[in-house]
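> Listed below are the residues making up each chain.
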Amino acid sequence: MNLKPFLTTTLLVGALSATPEFVYAKTYLTVDQAKKILVPNVKLEKLEIVLTKEQQKAIKKLSKVRVNNDKINAYKTSDGGWFIIDQVIGKHENIDIAVSIDKYGKVSGVEVLTYRETYGGEVRNQKWLAQFLGKDHNEHLRLDKQIKNISGATLSCRHITDGVNRLMHTWNEVLRYI
Amino acid sequence: MQLAARTQELNTISRCKTLLGTFVEITISGNESDDYLIQLTNDAFNEISRIEKIMSYYDDESEVTLLNKFAHKKDCEVSSDLLVVLKKALNLSDLSNGLFDVTIVPSLVKQKLLLKKYHFLDKKSSYKDIIIKGNYISFNRKLAIDLGGIAKGYAVDKAMSLLEEFSDMDIVINAGGDIAMNNSRGKLIDIRYSKFGNLVKLPMYNKSLATSANYYQKEGKSAIINPKTKSVNLSNKTVSVFANDCITADALTKVSFLVENISYILKSMSARAFEIDDKGRIKEIQ
Chain A
1 MNLKPFLTTT LLVGALSATP EFVYAKTYLT VDQAKKILVP NVKLEKLEIV LTKEQQKAIK
61 KLSKVRVNND KINAYKTSDG GWFIIDQVIG KHENIDIAVS IDKYGKVSGV EVLTYRETYG
121 GEVRNQKWLA QFLGKDHNEH LRLDKQIKNI SGATLSCRHI TDGVNRLMHT WNEVLRYI
Chain B
1 MQLAARTQEL NTISRCKTLL GTFVEITISG NESDDYLIQL TNDAFNEISR IEKIMSYYDD
61 ESEVTLLNKF AHKKDCEVSS DLLVVLKKAL NLSDLSNGLF DVTIVPSLVK QKLLLKKYHF
121 LDKKSSYKDI IIKGNYISFN RKLAIDLGGI AKGYAVDKAM SLLEEFSDMD IVINAGGDIA
181 MNNSRGKLID IRYSKFGNLV KLPMYNKSLA TSANYYQKEG KSAIINPKTK SVNLSNKTVS
241 VFANDCITAD ALTKVSFLVE NISYILKSMS ARAFEIDDKG RIKEIQ
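Heads up: the sequence lines are chains A and B, in that order.
Start counting the first sequence at 1; every next residue gets the next number (this note's numbering).
Start counting the second sequence at 1; every next residue gets the next number (this note's numbering).
Hints are supplied without guarantee of correctness; some may be wrong.
Calculated Cβ distances over 12 Å to all of chain A for the following chain B residues [unchecked claim]:
no.	residue
1	Q39
2	N42
3	C76
4	E77
5	D81
6	L90
7	G98
8	S126
9	I131
10	K152
11	I191
12	R192
13	D250
14	Y264
15	S268
Listed next, with one range per pair, are the computed distances between beta-carbon atoms [stated by the list, open to error]:
no.	chain 1	residue 1	chain 2	residue 2	range
16	A	D162	B	K87	57 to 65 Å
17	B	D94	A	N68	46 to 54 Å
18	A	K43	B	L234	28 to 36 Å
19	A	K43	B	S49	27 to 35 Å
20	A	G80	B	K74	41 to 49 Å
21	B	K87	A	S156	27 to 35 Å
22	B	N244	A	E48	48 to 56 Å
23	A	E48	B	V84	45 to 53 Å
Read the hints as simulated data drawn from the structure, not as lab findings.
Even for Gly, the Cβ is constructed at its ideal location relative to N, Cα and C.
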């Protein structure tokens with residue numbers, strides 16, 4: 001399993017509150033690897049985009065998904081598309097995803113970068129979650145790529161679908177004009 | 001220790017994508033470049049995506065939708081993939097005396113586990129109303145099928161079969177708990193048995209493993225339904241099945257919840273099933 005993310009997460013939780021019943025994290029691709037897969041052979045320009053209150057409201061209305069973060073961790077590609085690192089928050093899950101959108105606003109790929117599961121209440125704390133966003137992805141490279149193989153009942157990926165839908169509307173409302 | 005040393009030398013790519021309505025992980029370790037391993041994972045994900053397009057209940061273009069719309073009116077030609085899955089499903093329906101049945105769509109809709117797409121389905125319909133003639137399928141009554149209990153396993157098998165020739169690599173495909181490994185010997189697996197994520201370890205007894213349980217369902221809901229009584233199985237146990245292929249393991253987990261004496265089915269399919277209770281106690285089902 002990914003020892004470092006596990007320890008990092010556990011220690012942070014321990015510092016903030018009583019240890020929860022269960023915490024684990026899985027890391028898959030680094031941001032650089034996700035770039036190679038989703039937007040190969042194009043130049044990327046990192047842009048600092050902050051959504052206004054009105055834009056957040058419009059995106060929420062159209063996608064029916066709450067906008068948790070006003071900052072978008074986005075890269076514009078040299079062919080007019082976008083590469084976005086985003087975070088999706090479920091009841092107990094907290095998942096970092098990379099999404100590529102082409103110049104017509106069509107989602108061309110989605111990769112899960114990091115999956116964390118927590119029981120103990122912290123997952124609802126936005127500040128606690130925000131500290132993970134955009135961090136560590138490149139550090140995961142080669143640290144420990146052994147993924148713990150867990151067999152369990154099927155977990156729905158509905159939150160990801162909602163998150164991707166929110167990003168499509170973010171493109172339609174904001175990114176397409178940049 | 002030898003295995004650990006060998007694994008460290010190998011390059012590994014682990015990816016996770018959302019397919020088949022769940023999280024699909026593919027991990028490949030081999031003495032190859034990132035680019036090469038990524039290409040192999042791409043091929044495997046594309047294959048899973050292809051199977052999803054055929055078997056999806058929701059996709060209006062899928063073959064399953066085509067059958068659900070028209071098979072009660074006319075013979076519908078289907079792909080060899082759908083034929084394999086339907087034949088396997090019907091075989092299991094026969095063996096389990098109807099306790100595995102892909103026609104329980106109305107019960108799944110009632111449980112809000114599927115959206116209602118079809119009206120006026122015949123309440124008397126069962127798997128016996130599905131007729132296969134060559135490459136053609138027809139339904140004797142107006143019914144709808146959902147392959148949610150079996151298609152995931154098949155998709156994993158197909159993706160693994162694409163990668164089978166790379167026997168010098170370690171390949172693991174995990175589609176929402178349906179796991180296939182090309183080199184399963186000596187490997188351990190974690191099985192989740194509670195909504196809090198508690199895990200127990202089991203040896204990987206065969207190349208494929210599937211697990212079913214109710215802990216992700218809302219209280220009072222379950223995808224495990226007795227097709228005859230329409231009663232919902234609310235057991236808090238977890239069932240894991242090891243088999244030669246994932247399609248068998250996937251389908252047998254559901255049957256294991258409902259069939260009293262399942263040993264003859266398990267034996268006939270060279271499978272082993274384990275029950276884990278909410279305290280993490282493991283018992284082989286015999």
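> All the hints need checking, so say for each whether the structure fits it.
Hints, one by one, checked against the model:
1. Q39: Check fails; 10 Å does not lie beyond 12 Å.
2. N42: Incorrect as stated: the minimum Cβ-Cβ distance to chain A is 8 Å, not above 12 Å.
3. C76: Correct as stated: the minimum Cβ-Cβ distance to chain A is 28 Å, above 12 Å.
4. E77: Nearest chain A Cβ is 30 Å from E77 (chain B), so the label holds.
5. D81: 20 Å, holds
6. L90: 23 Å, holds
7. G98: Correct as stated: the minimum Cβ-Cβ distance to chain A is 23 Å, above 12 Å.
8. S126: Nearest chain A Cβ is 24 Å from S126 (chain B), so the label holds.
9. I131: Check passes; 30 Å lies beyond 12 Å.
10. K152: 7 Å, violated
11. I191: Not fine: 5 Å to the nearest Cβ puts I191 (chain B) too close to chain A.
12. R192: Given that some Cβ of chain A is not farther than 12 Å from that of R192 (chain B), nearest at about 3 Å, it is violated.
13. D250: D250 (chain B) is in fact no farther than 12 Å from some Cβ atom of chain A, at 10 Å.
14. Y264: 24 Å, holds
15. S268: 23 Å, holds
16. A:D162 to B:K87: 57 to 65 Å: 36 Å, violated
17. B:D94 to A:N68: 46 to 54 Å: Cβ of D94 (chain B) to Cβ of N68 (chain A): about 50 Å, so the range 46 to 54 Å holds.
18. A:K43 to B:L234: 28 to 36 Å: Roughly 55 Å apart at Cβ, these two residues miss the hinted range, so it is violated.
19. A:K43 to B:S49: 27 to 35 Å: Holds, since K43 (chain A) and S49 (chain B) (Cβ atoms, about 28 Å apart) stay within the stated range.
20. A:G80 to B:K74: 41 to 49 Å: 46 Å, holds
21. B:K87 to A:S156: 27 to 35 Å: Holds, since K87 (chain B) and S156 (chain A) (Cβ atoms, about 28 Å apart) stay within the stated range.
22. B:N244 to A:E48: 48 to 56 Å: With a Cβ separation near 53 Å, N244 (chain B) and E48 (chain A) satisfy 48 to 56 Å, so the hint holds.
23. A:E48 to B:V84: 45 to 53 Å: 51 Å, holds
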